[in-house]
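> The primary structure of each chain is shown beneath.
Protein chains: 2
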Amino acid sequence: MYESILKHVNKHIKLSEKERNYFKSVLVSVQIAKRKKLVQPSTLVKHEYFVVKGCLIGYYLDDNGKKHIIQFAIENWWIGDFDAFYNGVPSKLYIEAIEDAELLAIQYDDLQQLFETVPKFERYFRILVTSGFISLQDRILSSLQNETKVRYLEFCKAYPNIEQRVANYHIANYLGVSAESLSRVRRKLVKNSDFLM
Amino acid sequence: MYESILKHVNKHIKLSEKERNYFKSVLVSVQIAKRKKLVQPSTLVKHEYFVVKGCLIGYYLDDNGKKHIIQFAIENWWIGDFDAFYNGVPSKLYIEAIEDAELLAIQYDDLQQLFETVPKFERYFRILVTSGFISLQDRILSSLQNETKVRYLEFCKAYPNIEQRVANYHIANYLGVSAESLSRVRRKLVKNSDFLM
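Chains A and B supply the protein sequences, listed in that same order. Just so you know, this note's numbering puts 21 at position 21 of the first sequence, and the rest follows in order with no gaps. Just so you know, this note's numbering puts 119 at position 119 of the second sequence, and the rest follows in order with no gaps.
Next comes chain A alone, as it looks inside the complex:
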């Protein structure tokens, strides 16, 4: 259960056995079935989640009830409503499993205690959040370009292998394009050998 998260942490910081055990002691195993929600808007959010197995989306419903996917998470990604989690404000997002998923959750107070007890975790989360910041900025820049093809290729780079697992309309929603125009682009790319390296 802890293998993938320890491997992920180990990429960035080296833990002693004692530190590793302490870290494991603050993680809670969570199973969630496809289509179930982890987070709903206007609620308080006490946890963030590491994906051991499965796929989740974070999305926002606008005033007209239109759904906007903000984030995908697959194995080795963290997902949560970070504004709600870190700032104690009510959540704005839905977080929903789109495959049966196995997660490890950490509670806000336990995370703060982890930073106190094993300060190396500051580095681990700094590196992760920096990557998250850059991905999010890339997403904004990408949405300013007109070409669906470029945006789709950037998506595939940001979420390697996810395009096989996620419905076309989910990706189209994330990219802010119609499902039809994304299908057209994907068909053209499959014909193009550059994409099949």
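These aren't lab readings, by the way, just hints derived from the structure by calculation. Remember, it's a predicted structure, so these values are computed and weren't measured experimentally. Treat the hints with caution; some may be incorrect.
[Claimed, not checked] Restricting the straight-line Cα-Cα distance to at most 16 angstroms, the calculated cross-link-like pairs of lysine to aspartate or glutamate (EDC-like) are:
#1 A:K14 with A:E3
#2 B:K92 with A:E154
#3 B:K157 with B:D138
#4 B:K14 with A:E116
#5 A:K36 with A:E96
#6 B:K92 with B:D63
#7 A:K92 with B:D138
#8 A:K120 with B:E116
#9 B:K53 with B:E99
#10 A:K46 with A:D110
#11 B:K46 with B:D109
#12 A:K14 with B:E116
#13 B:K46 with B:D110
#14 A:K188 with A:E147
#15 B:K149 with A:D63
#16 A:K11 with A:E75
#17 A:K66 with B:E147
#18 A:K36 with A:E102
#19 A:K53 with A:D100
#20 A:K149 with B:D63
#21 A:K18 with A:E116
#22 B:K120 with B:D110
#23 A:K37 with A:E96
#24 B:K18 with B:E116
#25 A:K120 with A:E19
#26 A:K24 with A:D110
#27 B:K66 with A:E147
#28 B:K24 with B:D110
#29 B:K120 with A:E116
#30 B:K92 with A:D138
#31 A:K53 with A:E102
#32 B:K36 with B:D100
#33 A:K92 with B:E154
[As the list claims (entries may be wrong)] Some chain A residues flagged as far from chain B (calculated, every beta-carbon gap over 10 angstroms):
#34 I5
#35 R35
#36 E102
#37 L153
Backbone N, C-alpha and C define an ideal beta-carbon position, used for all residues, glycine too.
Using the hints provided, position chain B relative to the given structure of chain A.
Below, chain B alone, put in the same frame as chain A:
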């Protein structure tokens, strides 16, 4: 020159005199005149910048030459092209002073050395980047709402006092609305006493 950055750091971590001196030794003072650029696209970016005085914008020019302001920075903000800085890829952004500005720059290698020598800085930058991530996500959510008024009020919350210093068309560009519709919203808000608290 170092007063404001030390005060800012001190909000999040406590430094000894030795650590403070080491930190100061890796900062480089930079003066930049209004309308001059710190960063241009397709260049390598070796520094990120803390604003001691002045105001800067980070923007992106799309394929049609249209400018999109991605970030404002005033006193006590850090600004840079973080993708280029952290990942060593060519920059995509322009960073330009819109007032004469006084900055403190830190070089990539010096920052890595700072993390090694004074690991507390991991915490400082983790907290900053987490706020940056949340602001950026808020910006995406805000752009999904239709009402210019709500988006403008969120902008004022994210960048307190900046609306007095920055041209109307800069804010309109950041919000992705026309300068005329922003002016209308601002005039209405000025009439509304709630906004004048």
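> Take the hints in turn and mark each one as holding or not.
For each hint, the structure was consulted:
no., hint, verdict
1, A:K14 with A:E3, "holds (15 angstroms)"
2, B:K92 with A:E154, "holds (14 angstroms)"
3, B:K157 with B:D138, "holds (11 angstroms)"
4, B:K14 with A:E116, "holds (14 angstroms)"
5, A:K36 with A:E96, "holds (6 angstroms)"
6, B:K92 with B:D63, "holds (12 angstroms)"
7, A:K92 with B:D138, "holds (10 angstroms)"
8, A:K120 with B:E116, "holds (11 angstroms)"
9, B:K53 with B:E99, "holds (9 angstroms)"
10, A:K46 with A:D110, "holds (10 angstroms)"
11, B:K46 with B:D109, "holds (9 angstroms)"
12, A:K14 with B:E116, "holds (14 angstroms)"
13, B:K46 with B:D110, "holds (10 angstroms)"
14, A:K188 with A:E147, "holds (13 angstroms)"
15, B:K149 with A:D63, "holds (14 angstroms)"
16, A:K11 with A:E75, "holds (15 angstroms)"
17, A:K66 with B:E147, "holds (15 angstroms)"
18, A:K36 with A:E102, "holds (12 angstroms)"
19, A:K53 with A:D100, "holds (8 angstroms)"
20, A:K149 with B:D63, "holds (14 angstroms)"
21, A:K18 with A:E116, "holds (15 angstroms)"
22, B:K120 with B:D110, "holds (15 angstroms)"
23, A:K37 with A:E96, "holds (4 angstroms)"
24, B:K18 with B:E116, "holds (15 angstroms)"
25, A:K120 with A:E19, "holds (10 angstroms)"
26, A:K24 with A:D110, "holds (11 angstroms)"
27, B:K66 with A:E147, "holds (15 angstroms)"
28, B:K24 with B:D110, "holds (11 angstroms)"
29, B:K120 with A:E116, "holds (11 angstroms)"
30, B:K92 with A:D138, "holds (10 angstroms)"
31, A:K53 with A:E102, "holds (5 angstroms)"
32, B:K36 with B:D100, "holds (9 angstroms)"
33, A:K92 with B:E154, "holds (14 angstroms)"
34, I5, "holds (18 angstroms)"
35, R35, "holds (23 angstroms)"
36, E102, "holds (25 angstroms)"
37, L153, "holds (15 angstroms)"
Checked against the numbered hints listed earlier, the structure breaks none of them; every hint is satisfied.
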